[in-house]
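Chemist: Following the hints, position chain C against chain E.
Letter by letter, the chains look like this.
Protein chains: 2
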Amino acid sequence: MSEPVILLDAGSGGRASQRLIRGLFFKFFSNPILEEMDDAARLDLSGPLAMSTDSYTVDPLEFPGGDIGSLAVHGTVNDVAMLGADPAYLSCAFIIEEGFSVALLEKLARSMAEAAAGAQVLIVTGDTKVVPRGAADKLFINTTGIGRILVSRPPQGKNARPGDAILLSGTLGDHGLTVLSSRSKLNLSPRLRSDSAPLNHMVGALLRGLKEVHVLRDPTRGGLATTLNEIAGQSGVVCVVREDSLPFTPEVLAGCALIGLDPLYLANEGKLICILPPEEAPEALEIMRRFPEGRQAAQIGVVLAPGEQYKAAPGQVILKTALGGERLLGMLEGEQLPRIC
Amino acid sequence: MSEPVILLDAGSGGRASQRLIRGLFFKFFSNPILEEMDDAARLDLSGPLAMSTDSYTVDPLEFPGGDIGSLAVHGTVNDVAMLGADPAYLSCAFIIEEGFSVALLEKLARSMAEAAAGAQVLIVTGDTKVVPRGAADKLFINTTGIGRILVSRPPQGKNARPGDAILLSGTLGDHGLTVLSSRSKLNLSPRLRSDSAPLNHMVGALLRGLKEVHVLRDPTRGGLATTLNEIAGQSGVVCVVREDSLPFTPEVLAGCALIGLDPLYLANEGKLICILPPEEAPEALEIMRRFPEGRQAAQIGVVLAPGEQYKAAPGQVILKTALGGERLLGMLEGEQLPRIC
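Residue numbers (our numbering), protein chains in the order written: chain E, 1 to 341; chain C, 1 to 341.
Only chain E is shown next, with the shape it has when bound in the complex (with noise of 0.2 Å):
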């Protein structure tokens, strides 16, 4: 017998939709709210909002430490709490392609679910397309979240201040090489995983714990060094960042030296940089080394004024080397890896 697909009037509109829905994600993601199966969800919630939207099209969809469904989860939940938010609704839009498994949806709903609830957020509102075999590549998923911005004065990337203190939580690389591993069958180390989280309970934590939080973003694609040049781009200053105290797992540098690539530039799905007054840093790293995803965190480089050291103008980034020299570090160019997310 063969294996029960997804098929085309899957994503009718009609009955066999219905059947899909109520069969399999309601089965899921069942919440009050969800089953009024309304056009629009109905939310009790009053802003100001922080309202994000990611479109996961990761290849492949499954990898260890996670897969497309967790990673839909995480991804826009850790968007809306870097805006000082605690994110408490997503939507959730899935384009299948014809003929996908519906043993591997059925398991990659249920991986959205389990990270839903580890984020406490609920899945409200959905959409399913079925598109036609060679339309689209197995399964791509839509999540758009919204939640209520807790502080008054919520973090921003233009927000970055001279003299600021740049922390990051925790190791640098790991979903990147984890993803392009997998993808590759390289096969570079057994114990190589995707750091995918939720970082709202870190976020919420910092937000309660400390006076002043100026930027927190999670250096996704593009990686730490774009995500740097990015919000030193929307402040009008400079970043420098000591390569010495940047974390990361020996697999992760192994890997990268070996196929060479600058783990710098690599997505990471479980992690965030938070940028704050000086006096703030001791006690926002050890808010983060609570949490087990944020035991590595530390503070990696300064804020600066344009010119103050190193005649940067605003917008660059600075990497003092472990050598003790200093270089200029870019944006990605180019592509380095289609597909990471």
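Honestly, the hints are just simulated from the structure, not real lab data.
Just so it is clear, CB atoms sit at the ideal spot from N, CA and C, and this is done for glycine as well.
You may find that some hints are simply not true.
If you want the ones that stay clear, here's a sample from chain C, every Cβ over 10 Å from chain E, calculated [unchecked claim]: (1) Lys-27; (2) Glu-62; (3) Leu-188; (4) His-201; (5) Leu-246.
In silico DSBU-like links for lysine-lysine, alpha-carbon gap of 35 Å or less [said to hold, decoys possible]: (6) E:Lys-158 x C:Lys-27; (7) E:Lys-107 x C:Lys-158; (8) E:Lys-185 x E:Lys-107.
Modeler: Relative to the frame of chain E, chain C by itself:
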């Protein structure tokens, strides 16, 4: 010289992504919230809220009366409005196939921006993924919308009551038949046009002008028949529709007769079903007819209690045919036409 196309690096999160976002999307979607360029958009919006999501995979991307861009705005705006809400903000996520025409992307972004302006909603946050050639068919767009619910007892699918009137805001089948005709190059009629339109202004007028609206829903995928089945099921009632009251354009009637499609199952993208107490029906029709897309609004049926007249069970929909007969109108079985929206 070859035409400029989207390359993989435009989805990298690096410099090429920034160029695409600033150079193309910002040109059309520009507003102060979007331009903050943070991971999430900051919205001053207080609840209760309606939230809805849809991914658009329509093929072809352009068709008479609209394109994937305008459709992605209208479809989500309408779903938010159907919960009695005033859509305010949209997120917008693109999945682009490598090699997609820059000129066409620009044209579609312009169309989205015009549709958003027409509906008076802002596109406040977005995402762009570029997947390798063959991993997606040209372009998919997800939009997620939120807005404030305008009434204390919002219209919902479960609220239809025996005795209620069933109103329809205009002709049926225009979107579905137009997309089918464009895709298959049937050229059924030069006058066929999608009805894609924003319904939020009409919904606002209905909610302000009427004492009570029980159900609002737009009969998109699966058409009028499937949507009425959903409502009848949610409310535990029977819907009776009079065939000779249903509005159609002559082009849709002729086209459906020619190719053997039932227009009651064809998708609409600018029509709504409104179910409300019969004494409110005349005023509701008058309000609908003030809008260009509501000129052919009509009462098309009534809601009955199960067993009241036709031995019908809760959730059933009965069509009184023009010849005086009756037949059960089931939910869409199978898939009439994939990638209709």
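Chemist: All hints are to be evaluated individually against the structure, with a verdict given for each.
Modeler: To see whether the hints hold, each was checked on the structure:
| no. | hint | in the structure |
| --- | --- | --- |
| 1 | Lys-27 | 19 Å, holds |
| 2 | Glu-62 | 17 Å, holds |
| 3 | Leu-188 | 22 Å, holds |
| 4 | His-201 | 17 Å, holds |
| 5 | Leu-246 | 19 Å, holds |
| 6 | E:Lys-158 x C:Lys-27 | 21 Å, holds |
| 7 | E:Lys-107 x C:Lys-158 | 31 Å, holds |
| 8 | E:Lys-185 x E:Lys-107 | 22 Å, holds |
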